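These protein sequences, in sequence, are chains E and R.
Residue numbers are given in our numbering: position 67 of the first sequence equals residue 67, and the series is strictly consecutive.
Residue numbers are given in our numbering: position 43 of the second sequence equals residue 43, and the series is strictly consecutive.
The set of hints was computed from the structure by calculation and includes no laboratory data.
Since this is a predicted model, take the numbers as computed values, not measurements.
The reader is advised that the hints may include incorrect statements.
Stated by the list, open to error - Some chain R residues close to chain E (C-beta under 7 Å, calculated; not the full set): (1) G75; (2) L77; (3) N81.
The beta-carbon is built from N, C-alpha and C at its ideal position, and this holds for glycine as well.
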Amino acid sequence: MSKQSEPLGSLCLFFKKMKYYLLFCLLLCASWKVQAQKLHVVYEYIPSAMATFQEHVYFENGIKTAIRDSIPVKANTEKGKGSEEEVSSSFSLVLGSGINYRHIVIQRSDKNELRETGAVKGTNYLVTDQFPGLLWNTNYRDTDTIGKFVCHKATANYRGSKIVAYYTNDIPVPAGPYKFGGLPGLIVMLYNEGANPNYWTLQKVSYPYEGSVPLNKGYIYSLPKLSLQDYIKKSDALVEEQMRIMESKMPAIKGVTTERTKVRGTVEQIYEWEPKGPHEK
Amino acid sequence: MKKLLMSMVAVALMSTASFASTGGKKSVNDRAETTNVYEAVVGKSNMKIVGQAEEIKQGKKILCRLTVKVYNEGGILMSTNVHTYTCYGADDMFFSNCGQYFSHMVQSYNNYLN
Chain E
1 MSKQSEPLGS
11 LCLFFKKMKY
21 YLLFCLLLCA
31 SWKVQAQKLH
41 VVYEYIPSAM
51 ATFQEHVYFE
61 NGIKTAIRDS
71 IPVKANTEKG
81 KGSEEEVSSS
91 FSLVLGSGIN
101 YRHIVIQRSD
111 KNELRETGAV
121 KGTNYLVTDQ
131 FPGLLWNTNY
141 RDTDTIGKFV
151 CHKATANYRG
161 SKIVAYYTND
171 IPVPAGPYKF
181 GGLPGLIVML
191 YNEGANPNYW
201 TLQKVSYPYE
211 GSVPLNKGYI
221 YSLPKLSLQD
231 YIKKSDALVE
241 EQMRIMESKM
251 PAIKGVTTER
261 TKVRGTVEQI
271 YEWEPKGPHE
281 K
Chain R
1 MKKLLMSMVA
11 VALMSTASFA
21 STGGKKSVND
31 RAETTNVYEA
41 VVGKSNMKIV
51 GQAEEIKQGK
61 KILCRLTVKV
71 YNEGGILMST
81 NVHTYTCYGA
91 DDMFFSNCGQ
101 YFSHMVQSYN
111 NYLN
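Okay, chain E solo, but in the shape it has when bound:
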C-alpha cells in the first residue's frame, strides 16, 4: 500500500510543481509580450491657462521616452470681457532667450535614475535626475470613464505635490506622461493638487506601435551635462535675476507697496535637497 502511494505522491508533487512552473512561464511570456509591444501615446499638457503643449510618450523594452513640444498648441487669445469699464490698455512683453527646446525625458523602468533635457539661458543641457520613485496608492474603489477608457484612480506623493492619476487596465503598459508611470496600466489623466495644477490628458493611442522613437540620441548625449540640483539652482538664479532687473527698472511710486512671491508652477514643489519649498521674498 505504502509502496504504491509513494510514486503517486511524488507524481502529484511533480505536477504541483509543474503547475507553478507553467504559471511562471505564462506570466513571463505575458510580461515579455507587453515589453515587446511598442506604444506611442500623445498627451495634452496644460501647465497653466497660459499655454498647452503636446507630449509624445513612447514605451519600448522597458524604456520610456517623453518628448514635449517646444511650441505651444494654443496661445492664449483671451480678450477683455468688455470695453465699458476698460481702465487701461496695451501691455505685454517677451522675456527669455528666444530659443525654445523640446523637453525630453528618458526613463528606464528598472532604474530610478533618469535623464532629461533642460534649457537655461538658451543652452540645452542633459540633466540627470535621481528620481525618488513613486509609491502609488491604488486602494480606490471608484472608477471613471475618461474617453473610451474605464479608469482607476491612484495617488502618490511626489516632491511636495499630491499626484492624482487615472489609469486603464485596457492597455497594460506601465507608462504615463513626463516622469510618471509604474501603474498596472497606461495613465489616461494626471494632475497635481495645489494652487498651480499641471494637467496631462491622453489624446491619442497607438498600441502596438510600429514606428520608431524620433530621437537623435547622438545629439542628446552630446549635450553638456548637469545634475538636477545644479540645473534647478541655475534656473532659479536666472528667474531671480530676471525679476530683480525688472523690479529695478520699474519706477518707484510713493505709496505703492510691492509684494513679490516666488512661485514654482511646476509639479515639483520641494526637491529632496531642499528643506522647504520656495520662499517668499
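Given chain E, put chain R in place with the hints provided.
Quick look at chain R alone, frame taken from chain E:
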C-alpha cells in the same frame, strides 16, 4: 547693463491688454463697500505677464491692487507680484482713481520692455 537687458529681454510683441471688469462683490470687511476685479489680457510672448487689477472701496479710500503673474516660455508660473496703492479719489496727489494707477503701472511694464 544693456547687454544684460538684451540677453533677457527679446522683442516685445505687443498685443492689446485691457482691464475689464468681471463684476463686483461685497467684502466681508464692514469698511469695504465694494470690490471690483479686473482681468488683463495676456500678450503673445515667451515670458508672459498677466495682470489682475482689484479695486476695493473703503469709504473715501480706494485700495488699488494690481497682481502681476509672470510666466516663462513653458507656460509655467514663476512669480506673482502684487502692487498696492491707496487712492484718495479727487484729493489724491498722484492718481484720482484706480484706473489711472493701473494704466500707469502697465505703462511702466511697457517702458521696461522697450
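Outcome of the hint check:
1. G75: 3 Å, holds
2. L77: At about 3 Å, which falls below the 7 Å cut-off, the nearest Cβ of chain E leaves the hint on L77 (chain R) intact, so it holds.
3. N81: Holds - the Cβ of N81 (chain R) comes within 7 Å of chain E, reaching about 5 Å at its closest.
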